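Protein chains in written order, with numbering that gives the first Met the number 0: chain B, 0 to 335; chain E, 0 to 335.
These are computed hints drawn from the structure, not numbers from a lab. Among these hints, one or two may not hold up.
Pairs count within a copy or across copies, as identical chains cannot be separated in the list.
Claimed, not checked - Below are the EDC-like pairs computed for lysine to aspartate or glutamate, each with C-alpha atoms no more than 20 Å apart in a straight line:
#1 194 with 72
#2 188 with 72
#3 249 with 277
#4 46 with 304
#5 188 with 154
#6 249 with 276
#7 119 with 331
#8 188 with 277
#9 119 with 55
The model shown is predicted, which means the values in this text are computed figures rather than measured ones.
Now for the letters of each chain:
There are 2 protein chains.
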Amino acid sequence: MSAPVIAIDAMGGDFGPHCIVPASLACLAEIPSLHLALVGQTPLIEKLIDRQPGVDRARLQIVHASEVVAMSDRPAQALRGKPDASMRVALEMVRQGRAQACVSAGNTGALMALSRYVLKTLPGIDRPAMMAALPTRAGSCHLLDLGANVDCNAEHLYQFAVMGSVAAETLGVRRPRVALLNVGTEEIKGNQQVKLAASLLRQAPGLNFIGFIEGDGVYRGDADVVVCDGFVGNILLKSSEGLAEMVAEKIRDLFSRNLASRLLGAVALPLLRSLREELKPATHNGASFLGLQGVVVKSHGGAAEDAFQSAIRRALVEIHENLPQRLHGRLEDLLL
Amino acid sequence: MSAPVIAIDAMGGDFGPHCIVPASLACLAEIPSLHLALVGQTPLIEKLIDRQPGVDRARLQIVHASEVVAMSDRPAQALRGKPDASMRVALEMVRQGRAQACVSAGNTGALMALSRYVLKTLPGIDRPAMMAALPTRAGSCHLLDLGANVDCNAEHLYQFAVMGSVAAETLGVRRPRVALLNVGTEEIKGNQQVKLAASLLRQAPGLNFIGFIEGDGVYRGDADVVVCDGFVGNILLKSSEGLAEMVAEKIRDLFSRNLASRLLGAVALPLLRSLREELKPATHNGASFLGLQGVVVKSHGGAAEDAFQSAIRRALVEIHENLPQRLHGRLEDLLL
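For reference, chain B alone in the conformation it holds in the complex (with noise of 0.2 Å):
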């Protein structure tokens, strides 16, 4: 394989190309065989890449598009109304060929409706899902669906499962312990989409299914693989990131009481600010798209240039590991 190309879509996010042209060339920097698109509007690109020295020009496209998807915009809006959209012509140069990986932080919904119009799902998948780690007591946990799809029924979420195993193995985890999010841990728990999920997925060959886990076992790390639908999905994630945030908040009012307290505090409060950053899992590290015919990974809206770093070098791994084709390979074995 040649050099792996990165399409950026360098406009979406909260920031725009203000954080992720130079998050982009920081990359391009510390990974010598990288070679990165930046897509979107030239002029502004331009202008950002020259306040930086030493840019590796031979390494680095920039591809014009004239239209930007809003954060608001809705997913049909996007799909229908915005065809010369940074986001949609980084994914067609992925159709294309031209490069191996979409990386954004622009609108999620527009993200997964562009992405499986572009690209397609493969074969045997009916949604596409969207999975990322979260910190656990034991390391991490690979959480799908976050948002992707509100409604699910059981067949969903065992395509799910099965991605998310494949995925998780990719990404380092051997023989990933695949769980079903529910609210007790006995078998008549649940409701009927669960209920019916789980007695598939105790059917899967291969899969290393270990039955229901609860919101509270996520985080003690029981689990490698943690499947639910993209409204629980999406609802742990934010009220995680709600909560880790009011902890740090409080943490830092703790310490700012007295003299005697912001003393303490001086000196306390960087050993807790690297927990805090590892409490913003979504933050600082990038989602993956799974079940699409390329590989896609949002990065977040509110991302700071170092998590949309991370972003682009998961990306890099999914592109080394092939993980579209393992997924695909895996999928045909269980599926079809």
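Place chain E on chain B using the hints.
Just chain E, lined up with the frame of chain B:
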């Protein structure tokens, strides 16, 4: 009204009477107007009372019940197979007017099933809901349902919103801001149930419905009452507990790495301990069962003595505020 009696299921919870009897006696000593009925195996309860000096037996009854609902019993088993279970006898006391509330730390599913069977729901209510307070940046937020109903339609969510609003007022919140938990705040976001429930709630007179709230908004304190189905509520609550435990553990680890951090920890950890307690809301506050013809408060199964006392205090507030009657009145206005 004569002094209220609270019927305590003395046998429930992970630690059973060894936790519940002392906790009950401590409450009895602390609140001079409180009368308690300890329901369960008389010899064991008597033995535990004898260990405590100065118990005011004039305000304490012991009511014998020969059976115990196990934490692993299915609701149907508890309902059909154990007519003399302590949980059921306590609920019967409420139905008969011999007690004004029931407090149990036992099997949640069984308590809900028995409560519905023994006390019946209020007119217009299909399903009772379970509500508890979470800590937020702004104070606290009442979340329901927490697991009693894993499948809910829009009508159920609407009923939960009305009940949650009235219950929050009872607990001291003026004109509670009521929100529906969703994967986005725009009108087009979410599943069918949530969208339909929102359109019903927008038309509910006298309800301060503020629209959708996302997971992070819950902890930001953007609403006073947050409504969701029991599947989502249970996952949110338990994953938050799991995350809070993980944070507490990581903070301990952080302060035990080397001599300097251990010394720092010796001073900082007591400060952080209160935070940890605050972050375990379900363990430390009771959860109210709303929509029944009587007051039922569930204490966490793994609750310590002080947590069980919180549950008793919560029951007392609901008795004084006449919560079931207030709910009935409000529901008549809005539902019937």
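> Hint by hint, which ones does this structure get wrong, listed from lowest number up?
Replying inline: Violated hints (numbers, rising): 8 and 9; every other hint is consistent with the structure.
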